[in-house]
Amino acid sequence: MSKTSKISAIALDRILGKLSTIHSLVKGFYLSSILFFLAIILLPAILGILTRVDTLSELSENPQLFDRAINAIIASFALASFVSLLDLVTGIPLAWLIVKKGGRLVMILDAIVDLPMIIPTVTLGFSVLLFWSESNPFTSLGFSGISPGWLTVLLLHYTFSYPVVVRVLVGKLMEIDETYEIAGRTLGGKPLTVARTINIPLAKIGIITAYLLAFARSLSETGATMMVAGLFENGPIFIKRALSEGWESPLVFTSLTLISVAVIIFFLLRSLGPRVRIPFRRANPNFEGLLSKDSFCLFRDSISLLILTIFIVIPSIYLSLITLPNAINSGLILDVFQFRGVWGEYWNSLLISYVIGFIVTGINTVFSLPMAILIAREKFGSQISKILDVLSNVSIMIPSVALGVSIRFFWGGFTGLPEFWLIVMSHLCITYPYMVSTMVSAIRDIPKELEESARTLGSDPYTSFRKVTLPLAKYSFLSGMILTLARSVDETGATLAVSKTVKTVPIIIVDWVKDESLRIYAGLGATFLLLFSLIILLLLRKLVGRGKYA
Amino acid sequence: MPEVNIVNVVKKFGDFTALHGVNMKVESGEYVSIVGPSGCGKTTLLRIIAGIIPPTKGEIFFDDRLMNDVPVEERGIGYVFQNIALFPHMNLWDNVSYGLKVRGKPYDETHSVTLEMLELMKLTERYRDFPHELSGGMQQKAAVARALATGTSLLLLDEPLSMLDAKVREKLRYELRKIVKDLDLTAIHVTHDQEEAIAISDRIFIMRRGEIVEYGNPIDLYLSPRKIFTSYFLGESNVLEGIVIDRKSDEVEVQIGNISLKAYGEGFQKDERVVVIFRPELARLEPGGSMRIVERSIEKGYYRYILKDKSQKFIVKTFEKFDIDGKMNLRIPKEYVRVYKYPERGLNNEIALR
Amino acid sequence: MPEIQLRGVWKRYENILALRDINLKIEDGDYVCILGPTGSGKTTLLKIIAGLVHPTKGKVYIDGREVTGLPPERRGAVYMHQTYALFPHMTVYENVAYGLRARGLDEETVRERVEEVLRLVNLDGWEDAYPRQLSGGMQQRVALSRVLVTGDKIVLLDEPLGALDARLRLLVRDELKRLKQELDLTVVHVTHDQSEAMAISDRIILLREGSIIQDASPEESYFRPTDVFPASFIGDRNLLEAKVVRVDGEGAWVQFKGGEEVYGKGGPFETGDLAVVSIRCEEVKIIDEKSSIPAIIVDVSFLGSYVKYYLRTEGGTLLESNTSLQEYLCRRYHVGDKVYLKLGEIQLFTYPRRGLMREVEAI
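Protein chains in written order, with our numbering: chain U, 74 to 623; chain C, 172 to 525; chain V, 2 to 364.
FYI, nobody ran anything at the bench for these hints, they're computed from the structure.
The beta carbon of each residue, even a glycine, is placed where N, CA and C say it ideally should be.
Ranges between beta-carbon positions, derived for each pair:
| id | chain 1 | residue 1 | chain 2 | residue 2 | range |
| --- | --- | --- | --- | --- | --- |
| 1 | V | G126 | C | R502 | 37 to 43 angstroms |
| 2 | U | G346 | V | D185 | 56 to 62 angstroms |
| 3 | C | P458 | V | K291 | 34 to 40 angstroms |
| 4 | V | S212 | C | L286 | 36 to 42 angstroms |
| 5 | U | R354 | V | D175 | 53 to 59 angstroms |
| 6 | V | D22 | U | I457 | 27 to 33 angstroms |
| 7 | U | K100 | V | S212 | 30 to 36 angstroms |
| 8 | U | D183 | V | D22 | 51 to 57 angstroms |
| 9 | C | E304 | U | P520 | 20 to 26 angstroms |
| 10 | U | Q456 | V | G152 | 39 to 45 angstroms |
| 11 | C | H191 | V | V336 | 38 to 44 angstroms |
| 12 | U | K100 | V | G152 | 31 to 37 angstroms |
| 13 | C | G497 | V | D185 | 22 to 28 angstroms |
Looking at chain U on its own, in the form it has when it is part of the complex (with noise of 0.2 angstroms):
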């Protein structure tokens, strides 16, 4: 750094650190954090919808459309309900094999869950959509492929979503104390016993958390779907047809319906999830003393990497596999960097994707820090910080094509923006759970004592925060922003409902699959952007890891 940098570094530490000592200045960032947060998230996402409420009323007059949007939303619930349920049956046993290994091995069985997760979810679609359709394992035992429509739609939901389970299980698990867990086993308890009786249940909230964002990943996914549905239709589907016809009072009613009802799954489960309690009688040791032999274990295991494989490892990447070898054999892969063609759009969106992808991490690390500082320290006291925590994560539960909409009708309504920065407010409001969230959690693993003991050692609460509290959450913070950089990138669902003409590459992608035509360069695409993506992504933990906390 180089001097003047340097003492206005200083410079800018000492004016900081003197406003934070001011009482009503840091309760005015405090209050205006909630204001951006009710002004640009929450309002805009439920009021605009509401807006259009008069519109129902016509619907009466199409009863076959009514029908549709009927099926279209069951279809997304039950869809989502069981997807959701199969993500738990199946994750749970490899979420147990993880926490309790250990090892190298099972270091990388780790990072190749998170495969799926890695992936745009447009690349995973069309990987999916390809590997079930035309080869898979079964083709080779005579078994035809799987034609699109709701069993595609399912692989797919599947796959997307397992990892997400996983990931929150993994977490859950091992913030167990191990101590319950010997505790039962001294009492005589075998390891199936122990891990059903106390595990388990004392992972409950990891549990039903791991449902809902399953379940609400699945309500949500527009793009990707849209690619392998064919003739099925689900929540979102029926919306993007409704736009593109312009059925205003479908599109109203669908759109209110599911984030109504998801919403309500949600603030139910969360409360009566956590009193449901299945009572433990009594234990049949011998029978489960032979489901804890190592030799069932095995068992249990191989079925568990099995899935893994054939359902979500091989379908992630079976694209890449295939176009990669092609394109650079027949040159196709020269057109790509010399834009030719259809390639000079596609690098335009590429980079409006990640423009605007960077604004709004930016936007929401500056707006949700101040948030998540309230909410984990509880600034204005336990029951503020509670409501707040369920309120910023509401958004988790609306399907991103619903919010566009709704987000369409708010600001469309009032100011006329431009569709660049339409597509802007409406990432900001899917993304911003994912920062506060994420912030949340890591401001709360560092123990409140740290910063107090700095306070009274004489430093004002912004040099409090910035010598302590920050050194030991950034990780964490950076997770938060990649995670909410590549959901921006990913998005598809929202950025149809709010834009025509600007194009993000996921919404390229997804009409180059449509066109019988283009579809062969749809491959290509994805997996530019999916090598696209690693690199950013490895770029920037590589910025952030390497510059010292100084």
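Based on the hints, put chains C and V in the right spot on chain U.
Below, chains C and V without anything else, positioned relative to chain U:
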């Protein structure tokens, strides 16, 4: 009830050796404690006895039966944890009955045994409460009830009282011993609190750096231990360096700073450097002398004095009250003074806690 | 030099009353222990003095000026948390230097002061180590250095010895007292361990359920507690139920359930009242000659520097007697021996409203 035999147990964690060949025998029905500073390996040893971790080498026997390959849930032990470890998602009743349920015991038996245990620990009215609603002392009593409900005859306790308030500790430790004796159990109790060990055990094993330093009954270890570390670690002692100035048949006289003390001892030479140890409560103070009182406080009915003579520091506990800054003389009968050979690796090393 | 004063301090958290009408004054150079069972509010009280918690009602004064609204960094008092709260991402040096740097001192002075204090606690040479590389005892010394180096005269310690091994605790107690003398400090030290409070402080403030129950020197607290709870919490005592049979000027004659009659100071009582008899265990003496209280020994506990006999009188009253080690070595009694008892100083207290067992928090 079982007799526990620990033969040559070694435990390594990577390059670090936590236990260097420990040998220990606990008689049936004995209440034994293993005391030592943090890091001495006592908890590791207990976990090996319980079967929670395997030894690198060595054997564990319960009543002549080799337990090495027996998994923890089949060892029939009761284990009480330092951080209590009552299952937070179960109420008291479910916690205490857990051990019976996992064994598939019929409902009637589970019910009556659980009730019996709650009554034994005087917790019957609180059966519906959850762990966080109980005080620390009650939680630990519940944990003991839970461990005993399985019908175990070997109770293993890992620093069971260290998380509790000092007063609660004093009250609970006596109760613990009483229950173990009433039920005729064998108990192995690990602690870093030497006062606790002295109060409750039939025999004490002192550990340091992965080895057993000395063992014996509390009174012998307190008054006439073989090792200097034992004196230093159990309670407070005056551990002083001196030079032998006179030697008779079975007596020595040692010069420590400005004072000289007589003791029983054989095999020492004149001018030999030795270590002299005596308990503060067995000495007396008389006015007039070269020692100056620098601190006075009250402890267990005694007045505890810190005296300084030149650079030597002495601790004396007596019932008489003297003023601070007073000049005193120290007297102690020779049967209460013990003399030891000066340790090869220096006194500091000998009494080091780690 | 500083002086701390609390006037009418209350603290309420949602529906829990943590502190109730606290009034106290701590003089220059005092070593004061705030003693009490877990949950009595002692940490809250300390945090209010530090400025980490804001009182619901009442005022806090340091050095004569009101500091109730002042943030912690401006009070001139340092605080050490019971977990030490060492900054894990900073070395020992950086941890200890933190407070000095926060005050804007130049690097030269900082280096001097840090090295001086590390020498004082015997940690010189460890400057570049990280907290996770140190033992519990060493971490405690780093935490102590960090607060002492600032030069603030008021030091607030929250259970500073709680995480240490019992043996180490005894050693560090003397160290703490020495540091206080050498650096001329005013210390407020929170603990639940009454022997620690007795050994180290000039004054003990006993807290229970948010209220100050007793405020006295260790000697006074030990020999002349003001009520049943302090009597049970500080020192080792027999506390028994008895009925008043005859009132005297300074006290009364009371009778145990077992029939024995003893005399104690206290009151005022009326005949027929229920009272609590308080006898220090070392005041229950076993003698050879016949006395009015025959008893049988039901258990013996060797406790190192003293021995505790558990006795049952002929009338069925249970008493504990502490004998010094010296006396025990001269004359040992065994379980089953029939002996006679002589009771020394007896205090009488009014029978507590919530009953004797609940009052002494029998577990």
